[in-house]
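Just so you know, the protein sequences line up as chains A and B, in that order. So for the first sequence, my numbering puts the first residue at 119; every next one is plus one. So for the second sequence, my numbering puts the first residue at 119; every next one is plus one.
Source of the hints: derived by calculation from the structure; they are not laboratory data. Errors might be hidden in some of the hints.
Just so you know, same-sequence chains aren't split out, so a pair can sit in one copy or run between any two.
As the list claims (entries may be wrong) - Below, a list of computed lysine-lysine pairs in the BS3-like style, where the Cα atoms sit at most 27 Å apart:
#	residue 1	residue 2
1	K331	K229
2	K120	K229
3	K342	K226
4	K367	K162
5	K233	K253
6	K226	K148
7	K304	K355
8	K148	K253
9	K253	K304
10	K120	K175
11	K325	K169
12	K148	K367
13	K305	K233
Protein chains: 2
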Amino acid sequence: MKEQLSIVKIGGSVIEDAEGLSHLLELFAKLDGRKILVHGGGKKATEIGQKLGIEAKMTNGRRITDAQSLDVAIMVYGGLTNKKIVAQLQAFDCNAIGMSGADGNVIKAHKRPIKEIDFGWVGDVDGVHTENISKLLQADFTPVFCALTHDENGQLFNTNADTIAAEVAIGMSEVFETTLYYCFEKKGVLRSIADDNSVIPHIDSEKYDQLLKEGVIADGMLPKMHNCFQALRNNVKQVCIGDSDMLKKTNSNFTTLTL
Amino acid sequence: MKEQLSIVKIGGSVIEDAEGLSHLLELFAKLDGRKILVHGGGKKATEIGQKLGIEAKMTNGRRITDAQSLDVAIMVYGGLTNKKIVAQLQAFDCNAIGMSGADGNVIKAHKRPIKEIDFGWVGDVDGVHTENISKLLQADFTPVFCALTHDENGQLFNTNADTIAAEVAIGMSEVFETTLYYCFEKKGVLRSIADDNSVIPHIDSEKYDQLLKEGVIADGMLPKMHNCFQALRNNVKQVCIGDSDMLKKTNSNFTTLTL
């Protein structure tokens, strides 16, 4: 039987709020078994970028990562956010080790091909180096990933943190029985966006199609749910979506996704 | 017999110059056997700090690390510099993994006690977690340390990179036969600062005392040499001081220090 592995992605306003983040990290530290954390960057990168006089570049409403914005992402995601999360996890007796995709050569990517838009230094993931991540887990480290990848030729990329979490979960499913947790500010996938208590407890492929048709899954949830089902179709056992308290053993008020 | 381990500290203007840094990293990647890189931050932190409107605070000519300056150090040393070095080493087929002292709980420190000066968030090293670093080496990773430590309670510190290199070398000497390389812009310890070719090939304790008396070792070299002999007195086998080419096997034009 495969050993269990939890991959927890945290993002959204959870990262912005110091107290909420600390609560979440404490819950994460207490999770049984092997685990991996993946974090987004929150608004800090935009804030630091603005202070440095680097304007967020947009084309057709999509964010472009030019060389300067990439440096800010490396500083904020890979430095400030990652190291502070690692230091806090250490305080909760979790032996965290902060990583970009370049560290230990764990996530290889290539520059997103230019079609209508040149997204700049954005990386699309080629694959995850399962063996190197496994070595860290076997040595009792808890990897903490920021949303950066590399091309093995010295170039770092900005990569969506949800995608990284899904790719890591998919890659690690070769060796582990994986559960992927998407932790954000809502209690789960909501039937009505206006009602925080309208959590849909379980979504399978059939229900997913139905919710798409009904328009219940829309906007920001679309790519997130796409990532989730992509993960499930690639051997990830289960995906859970909810707020920090989802990580409490006694809580069952969140959304579980299976094929 | 103990396995050999090289600890290479790079700093000074070597870090500033992209071409020089790349040359050095290529030589480092080619070094035989297990190895660890420790890097300083160069002037980039000051530059970014200034752009962010954070003034370098000085008291009696000594630099103070306030909370804002610490954040800049975490961003630049732990983020920008560390991740770019790691990505470059990966391009040279060296499986680098970037670390602060918090990652893997490898370097514990405490806030420097306030005497005449409150240095702010500067950490004095308590010790190195040899076992955790060894696990990474045994798993064929090459740790790349930036000059940050932590207190195991969630607080990160700014710590001198020369000190980190010496402490890591001392700690790892429990398990390995260690050589500590200090790589900077000069060819070694110079008899005459004006003459780049006046490298002193070998310095032992006796010669060290003599050079101190003669005033040959002064200014910035004083704390550096103090670190070196501190390391030698604590079981580090050998310390070498020189420029990047010191890492070439065929080169012998640098300074070697032994007890």
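Item to check | Hints violated by the structure (listed by number, smallest first) | outcome: Violated hints (numbers, rising): 1, 2, 4, 5, 9, 10, 11, 13; every other hint is consistent with the structure.
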